Structures are given as C-alpha cells and as structure tokens.
Amino acid sequence: MDYLIIGMSAAGLSCMDTLLRVSPDSRITVVSGEKFPPYCRCLLTYCLSGKLREEQMIIRDPSSLPPNVRLIAGNDVVGLETSGRKALLSSGEEIRYDRLLIATGAHAVKPGYADEQKRAFTLRGIDDARKMAPFVKGKAAVLGGGFVGIKTALGLLERRVKVTMIISSAYPLSMVLDAGTGRFVERDLKELGLQILTEEDITGLDMKDDAVRLSLKSGRELEADAAVIGKGVAPRVSLAKKAGIRIDLGITVNEYLETSSEGIYAAGDCCEAIDIARKRPWINAVWPVAVEQGYFAALNMAGIPSVYPGSIGVNSLKTPLFHLISGGILKETEGVTIFEDYVPSTNQMRKLAVRENVPVGMAFYNSPEDAGVVINLIKKGAPLAVHPEKIVKREASVMDVLKPL
Amino acid sequence: MKVVVVKPERCVGCLQCRFACSVAHSATLSPFSAPFEDILSKPRIHIGLTAGKEPFPNKCRHCDPAPCEMSCITKAIYREAASGTVLINPERCINCGMCAMACPFGVIRYHVFIDNKTSAHKCDQCIARQRQGKIPACVEVCKVGALLFEDYNANMDRKTDEMASLVYLGIRGQEHGQGPYPSLISYKRLLKELKGR
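First to last, the protein sequences are chains X and Y. Here the first sequence stands for residues 543 to 947, where the numbers follow this note's numbering. Here the second sequence stands for residues -1 to 195, where the numbers follow this note's numbering.
Chain X with its partners taken away, still in its complex shape (with noise of 0.2 Å):
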C-alpha cells in the first residue's frame, strides 16, 4: 500500500508513526511545506522567551526515519487528481497513492491592518519567530487574548520586555471560560507584569522612527517595538476546495476520518470533525487533538476501521503564578449548570458545567491532579455517576467517578 501524508506537523508526524506500528511493509511519503524538520509550533513562544533553543524545538530527526518512509520537505502539494489517484507536488513530481491524508493544518488569521512592514506580525511558524526576535527589545504589544496571545505575552515578558495585551473581550480566555474564571486569568496576569487593556481594539498602524504607534479604539495611543497578533487560526482548505473535496469551514469528514473523496482523510487543524461538548463539527485546533486525529486517520487508512470519538477544545497555560487546565465549553448558556468550588488558601479553583448530567466544560485552576479524569468524563459524553459538587469539592476519587464506565 503507497501512502501519502500532506504536512509533517502533529497530525501528519502521529499518523505516520501509526502507520508505521500497524502496517510495517508500507510505502509511506511525507511531503511538508517547511524545510526546517518536524518541529512543534506549540514551543515557539518558549523559543521566543530564550527557554529553548531553536533546535530544542525539533521532536523527530529525518535522518532517522526507516528506509521505507521518503520524506519531501520544502515541497508543496499544488493539486491533487482524486480519480486517478495522484498528487502534484510543486516540484513538478507526480505522487501516486492508495491512501492519502491531508493534515495541512492552519495558518494565522491576519486581520486588515496586518502589516510586517508596519512591524504587526502572527506567530505561527518558525520563520515568523525569526523575523519578530529581532524587533523585540523594550516594549511589545499583543493582540488577543487567547492562550496564544497570552502564551507570547508571557514569553515576551521573560526577555523583560515590557508587554500590553490588547483584548477585545470582557476577560483573557473568553471563548473557553465563563466571566468569573477569565476574572482570575486576568487578575493574576496583571500580577505577573502584564498590562491588560480589555475591550478594545486597534483601528490603525502607524511606524514612527523606531516603533510602531498603535491607534485604539477607545482613541488612546500606544507605542511599542512589535505587535504580535494571536487572533486564532483559519484551516488551509485551498488543496483540499482545488480537488472537489467537500469543505465547511474546515474539511468535512465522517465518523472515520473519511473525507467525501474516497481514500481522502483529513486530521488536524485543517480538518472539521465531530465536537462532543458542543455535539456538532468543529474545529479545535490544539496540538492533542491534532495527534489524536493522526491517529485514528491512520488506523482507518491502514483498513482497521476505527470511529473517532470526537475531540473537545482542551488548553493547558501554566505560569509561575497558577495552572489553568481547560476543557470543553464553560459557559453558563441555557440548560447548563456551573458548579464550583474556591479555596482561597491555596488559591484554587475548579469548575464543571453540566448539562443534564452530562459534563460539558471543566476549567481547574492550579489543581492539575485530576484534571485529565474530569476531561475524560467530559469526553465519554456520559452521565456523571456522582454529584457534580462533590467532583468539584475533591470528595469523589477516580475509582467513585471511573467505576460505571
């Protein structure tokens, strides 16, 4: 069997060494867009703060890779023939396949006034870390306040630059989290030295001398070195939309991985699978759930049909203040309960939403013992054997929650 694996990042890396444990004997090609090796995004704002080295960032060295896999690197896929079962890579080589998988991942969403000449940059990729360090001397500006931009603040902030966070929500982390936790997030922040602006936004950039000016919306004025934008990510379907393939927001597959074309599966950011926490496709764009789908990507193209159970979007952001584990959705919406628990001590806190019995949104802050039980629970979809306060308040133990499943 002749595989074919687009993109070498976390779910193009996980599938192939899947394929590798479940069908030895195979032909497998890799082809990536990037000619640095297997690297983890995920470790580019530790890169950025000086903790490691570019070359600490690599998790899987070419060179040992067995004889069987061929790996393309700094080559891209410009189209694919589904019918006849071939990829065109932009070198101009044409790649057959029996099974191919399409983990071509995400790029940066770049809003309107985006503008690297204007010193506004995204983090995604290596190149974008070496064009920004430079730049970076005294003071920065990041624009929202997801786990990326507050993972680049505080990254920027260990090289003692001096960072503001422009956010233009109520509170830091405010598609995950309910008011009261973003509150916490928010409060220890500006302890650790980062100056929060929240409910605003940047209506233009201006380069002046040596440092971008920075208009918001409220009409204040900013200064700063560089301006790194973390405004999410967008799924690249281009390939995927060239090829006939059917695409939503991200690539549409079924409960296998499967793609509409036949012998196409999709894993990653670029692919939209099943949410359990809010029952519908969604794309959770977070390194463990891209692995996770590289995974049963693999079991199912390898012929061992393998349902993917569906993902939820699950975060860790630990800092030298507290631990914020998330999972799920913690909304107080309609039909969901929010059940929690402080102790102001030891400054900790844990959270569970449910919806009729059934976990749906967890947030512990500073208590990561359990953390993973709970998020299991909620990735089970089932009801909760026990009362939810006494998950919260530490009474059940994972053999009083785990017994029923």
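Incorrect hints may have been included.
Cut-off 25 Å, straight-line C-alpha distance, at most; resulting in silico cross-link-like pairs (DSS-like, lysine-lysine) [what the hints assert, rightly or not]: (1) X/Lys593 with X/Lys704; (2) Y/Lys51 with X/Lys935; (3) Y/Lys186 with Y/Lys141; (4) Y/Lys132 with Y/Lys0; (5) X/Lys732 with X/Lys681; (6) Y/Lys115 with X/Lys593; (7) X/Lys593 with Y/Lys73; (8) X/Lys932 with Y/Lys51; (9) X/Lys681 with X/Lys773; (10) X/Lys750 with X/Lys673; (11) X/Lys759 with X/Lys773; (12) X/Lys784 with X/Lys652; (13) X/Lys679 with X/Lys750; (14) X/Lys660 with X/Lys681; (15) X/Lys935 with X/Lys922; (16) Y/Lys73 with X/Lys860; (17) X/Lys577 with Y/Lys73; (18) Y/Lys40 with Y/Lys141; (19) X/Lys860 with Y/Lys40; (20) X/Lys593 with X/Lys673; (21) Y/Lys40 with Y/Lys132; (22) X/Lys660 with X/Lys750; (23) Y/Lys115 with X/Lys860; (24) Y/Lys40 with Y/Lys115.
Listed next, the stretches of chain Y that the computed footprint assigns to chain X, with coverage defined by at least 3 CB atoms under 8 Å from CB atoms of chain X [to be verified]: (25) 48 to 57; (26) 60 to 71; (27) 98 to 109.
Just so you know, these hints were derived from the structure itself, not from any lab. Quantities reported herein were computed from a predicted structural model and do not represent experimental measurements. Backbone N, C-alpha and C fix where the C-beta goes; we use that ideal spot for every residue, glycine too.
For this one, chain X is given, so just place chain Y on it according to the hints.
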C-alpha cells in the same frame, strides 16, 4: 509485557508502597538517607479514598495508546520499545502541564527534579530496578498482595481458572449432598486443599 497490577479490594492503605517508591527513586537509594536529600524524592503512586472511605491505589497504567504521550508537545514522554513502559525524559520536559490535562487517571504530578527544574513525574515501573533483575519497589513491599507484578493476561487467566474451580467444586459438593450452596469460604478452603495436592 509485565506490569504492576493493582487489586484495590486487597489494599489496606498502609502507604508502604509510597515510601518504598520514594526511596527507590531517590539519589542515595537508602531509606535512612532519602528523607534528608536536598531534593526530596516524591512517590509516584497515590492512595486516594473512595466515597466509602476505602483506600484506592492509583498509579500509571502505561496505556497503549497513551494519551499523555500523544499530548506531549516536546516528545518528552515516550514509550520504551522493549518493555512497553511509558517514560518521561526530564531533560526535554518543559513543564507545560499538557500531560496532566490528558491523563484519564490523574496520576501525573509536577515536582522539582534536577537543577531546580520542574518536570512531570509519574510511575516508570522502576525501570532501573528491573534492569538489575529486581521487581518494582512498591510490589516488593506490598504485604497484602494489592500490588502484583505480572502479565495482565496471565493475571486474568488465573482469576478465570479460580472461578472455574469454584464452580466445579460447588457442583461436586451438590452431588455429594453437602447442601445446595455451601459458603464461599468452604469453597475456598476446598480449592486450597486441591491446590496443595
């Protein structure tokens, strides 16, 4: 593949396994000096209480596929090919907290390891002891047989055999007219007798 099998119904909550685990992962490997080391070695097995106030030993199951391995962004968590044990490389770990988020059993903790560097911390199935031909420290000290070091399948086979023997003894007892349902204790006694022959 041999793993540490936990029998929660036998655990009495003496916490000896926790102490043995800390000592086995300390620098000096001695119960007398381990508590006085600069960086205290922390246990990797956790005894929690269930709602019925019964002890429940909780440790890494070395799952396959392992969710922590999948979520590790630096590939610090890896599976040792020979034994199938999931291990953490503290040098690569950047303490991001992703593995605690992924672990469905809640067994990952974060402790200072070397050079004041914090890293993820979990059961390594005493890989260093195993290389010397010893069994994991927690299994060695468990007095009540709540922790066993054996193959999962062998463990289940034995359990099935025992059950089958009990059923057989029950049927035989009935034929000999020893009452329809003699107590389980007398069955077990019979089973022991049979094994002794």
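Status of each hint after checking the structure:
For the given pair, lysine 593 of chain X sits about 18 Å from lysine 704 of chain X by alpha-carbon distance, which is consistent with the 25 Å threshold. Our distance criterion of 25 Å between C-alpha atoms is met by lysine 51 of chain Y and lysine 935 of chain X, whose separation comes to about 16 Å. The suggested pairing of lysine 186 of chain Y with lysine 141 of chain Y holds, with an alpha-carbon distance near 21 Å, which does not exceed 25 Å. The straight-line distance between the Cα atoms of lysine 132 of chain Y and lysine 0 of chain Y is roughly 13 Å, inside the 25 Å bound, and the hint therefore holds.
Simply put, lysine 732 of chain X and lysine 681 of chain X have alpha-carbon atoms about 16 Å apart, close enough for the 25 Å limit, and the pair holds. Between lysine 115 of chain Y and lysine 593 of chain X, the direct Cα distance comes to roughly 12 Å. Compliance with the 25 Å bound is thereby established for this hinted pair. Note on lysine 593 of chain X and lysine 73 of chain Y: the hinted pairing holds, with a Cα-Cα distance of about 17 Å set against a maximum of 25 Å. For the hint linking lysine 932 of chain X to lysine 51 of chain Y, the alpha-carbon distance of about 14 Å falls within 25 Å, and the restraint holds.
Pair hint lysine 681 of chain X plus lysine 773 of chain X holds up; C-alpha atoms about 20 Å apart against a cutoff of 25 Å. In summary, the hint linking lysine 750 of chain X to lysine 673 of chain X is supported, as the alpha carbons are separated by about 19 Å, within the 25 Å threshold. A C-alpha spacing of about 17 Å is found between lysine 759 of chain X and lysine 773 of chain X, which places the hinted pair at or below 25 Å, so the restraint holds. In summary, the hint linking lysine 784 of chain X to lysine 652 of chain X is supported, as the alpha carbons are separated by about 22 Å, within the 25 Å threshold.
With a C-alpha separation of about 16 Å, the suggested pair lysine 679 of chain X and lysine 750 of chain X falls inside the 25 Å cut-off, and the hint holds. Straight-line distance between C-alpha atoms of lysine 660 of chain X and lysine 681 of chain X comes to about 15 Å, which keeps the hinted pair within the 25 Å bound. In summary, the hint linking lysine 935 of chain X to lysine 922 of chain X is supported, as the alpha carbons are separated by about 21 Å, within the 25 Å threshold. This hinted pair checks out: lysine 73 of chain Y and lysine 860 of chain X have alpha carbons roughly 18 Å apart, not beyond 25 Å.
Straight-line distance between C-alpha atoms of lysine 577 of chain X and lysine 73 of chain Y comes to about 20 Å, which keeps the hinted pair within the 25 Å bound. For a cut-off of 25 Å, the pair hint linking lysine 40 of chain Y to lysine 141 of chain Y stands: about 21 Å separates their Cα positions. At roughly 21 Å between alpha-carbon atoms, lysine 860 of chain X and lysine 40 of chain Y fall within 25 Å of each other, so this suggested pair holds. For the given pair, lysine 593 of chain X sits about 18 Å from lysine 673 of chain X by alpha-carbon distance, which is consistent with the 25 Å threshold.
Using a Cα cut-off of 25 Å, the hinted pair lysine 40 of chain Y and lysine 132 of chain Y holds, with the two alpha carbons roughly 20 Å apart. Taken as a hint, the lysine 660 of chain X and lysine 750 of chain X pair is honoured in the structure, with Cα atoms around 9 Å apart against an allowance of 25 Å. Of the supplied pair hints, the one linking lysine 115 of chain Y and lysine 860 of chain X holds, its CA atoms being roughly 14 Å apart against a limit of 25 Å. Distance hint between lysine 40 of chain Y and lysine 115 of chain Y is fulfilled; the C-alpha atoms sit about 14 Å from each other, no more than 25 Å.
Taking a C-beta to C-beta cut-off of 8 Å, the segment 48 to 57 of chain Y contributes 4 residues in contact with chain X, enough for the three needed, and the coverage statement holds. Judged by the Cβ-Cβ criterion of 8 Å, the segment 60 to 71 of chain Y is covered by chain X as claimed, because 5 of its residues qualify and three suffice. Only residues whose beta carbon comes within less than 8 Å of a beta carbon in chain X count, and the segment 98 to 109 of chain Y has 10; three or more means the coverage holds.
The structure fails none of the hints (numbered hints given earlier).
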